[in-house]
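**Q** Protein sequence lines, in the order shown, are assigned to chains A and B.
Using my numbering, the letters of the first sequence map in sequence onto residues 1 to 110.
Using my numbering, the letters of the second sequence map in sequence onto residues 1 to 113.
Hints are computed from structural coordinates only; laboratory data are not their basis.
Take these hints with a grain of salt, some might be off.
[Said to hold, decoys possible] Just a few of them, taken from the derived set where beta-carbon distance is under 10 angstroms, the chain A residues facing chain B:
1) 4
2) 6
3) 34
4) 44
5) 45
6) 46
7) 60
8) 85
9) 88
10) 95
[What the hints assert, rightly or not] 20 angstroms max Cα-Cα, derived SDA-like pairs, lysine to any residue:
11) A:91 to B:58
12) A:2 to B:60
13) A:42 to B:26
14) A:45 to B:96
15) B:26 to A:47
16) A:2 to B:41
17) A:45 to B:101
18) A:42 to B:11
The structure displayed is predicted, hence computed values, not measured ones.
All C-beta atoms, glycine included, are put in the ideal place defined by N, C-alpha and C.
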Amino acid sequence: RKEVEQDPGPFNVPEGATVAFNCTYSNSASQSFFWYRQDCRKEPKLLMSVYSSGNEDGRFTAQLNRASQYISLLIRDSKLSDSATYLCVVKNQAGTALIFGKGTTLSVSS
Amino acid sequence: DAGVTQSPTHLIKTRGQQVTLRCSPKSGHDTVSWYQQALGQGPQFIFQYYEEEERQRGNFPDRFSGHQFPNYSSELNVNALLLGDSALYLCASSLFRSSYEQYFGPGTRLTVT
Numbered sequence: 001r002k003e004v005e006q007d008p009g010p011f012n013v014p015e016g017a018t019v020a021f022n023c024t025y026s027n028s029a030s031q032s033f034f035w036y037r038q039d040c041r042k043e044p045k046l047l048m049s050v051y052s053s054g055n056e057d058g059r060f061t062a063q064l065n066r067a068s069q070y071i072s073l074l075i076r077d078s079k080l081s082d083s084a085t086y087l088c089v090v091k092n093q094a095g096t097a098l099i100f101g102k103g104t105t106l107s108v109s110s
Numbered sequence: 001d002a003g004v005t006q007s008p009t010h011l012i013k014t015r016g017q018q019v020t021l022r023c024s025p026k027s028g029h030d031t032v033s034w035y036q037q038a039l040g041q042g043p044q045f046i047f048q049y050y051e052e053e054e055r056q057r058g059n060f061p062d063r064f065s066g067h068q069f070p071n072y073s074s075e076l077n078v079n080a081l082l083l084g085d086s087a088l089y090l091c092a093s094s095l096f097r098s099s100y101e102q103y104f105g106p107g108t109r110l111t112v113t
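Whenever a hint applies, use it, and build me the whole structure from the sequences.
**A** Right, dumping it as C-alpha cells:
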C-alpha cells in the first residue's frame with residue numbers, strides 16, 4: 001500500500017463548480033498534513049496546512065480525519081486560475097521528510 | 001529575501017556520467033531536503049541534510065549522495081547515471097524538525113540520454 005494515496009483524476013470542471021479531492025495515508029503516527037499546489041513544470045507550493053479541526057482559506061477548505069486517516073480538500077467557486085495539480089502531503093513520523101501523493105490534476109474551463 | 005535557489009535549471013547528461021546539482025536555502029533556514037519528481041508522479045524524498053550531516057534518507061541507491069556546506073547550501077551528486085534518473089530534482093529548505101512547511105526551489109530538470 002502506498003503511503004499517501006489520492007483520487008486518480010483528472011478532474012475537468014466548469015468555472016464556478018465545487019470540486020473535492022480526497023486522500024488517505026497509511027502511517028497513523030503521522031503528525032503534519034498539507035496540500036501543495038503544483039503548476040505545470042513548476043515547483044510545489046504550499047496551498048494550506050491541514051488541521052484536525054478543519055481549516056478554511058477563502059474558497060478552500062481542508063479537513064483531516066485521523067481515525068480514518070483521511071484528508072480532503074474542497075474548492076468552491078472554481079476559477080480558471082485553480083487549474084493545477086494538487087498534491088496531498090504527509091510529513092513522516094520523524095518530522096523530516098514530506099511524503100507526497102501522486103497528485104490530482106484539476107482543469108477548470110470557461 | 002531570496003527564496004530557495006537551484007542551479008542549473010536544465011541539464012542533459014549521457015548514461016554513465018556523473019552530475020552535481022546545487023541548492024541555496026531560503027534565508028534563515030538550516031535544513032535542506034532533496035526530492036526527485038519523475039513525470040506524472042509526486043516528488044519522492046531522497047535525503048535531508050542538517051548541520052552538514054545526512055539526517056534521513058529515502059529509498060534511493062548509494063549512487064545518490066549529497067553534501068551540505070557551513071553556509072547551509074547543499075549539493076546533490078548522482079553517479080553512473082541511468083535513463084531512469086531523468087526527472088525534476090527539487091530542493092526544499094526548512095528549519096530542522098519544524099512542523100512548518102518546506103519551501104521548494106524551482107528545480108533542476110535532468111535529462112539522461
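**Q** Any of the earlier hints contradicted here, and which numbers?
**A** Failing hint: just 7.
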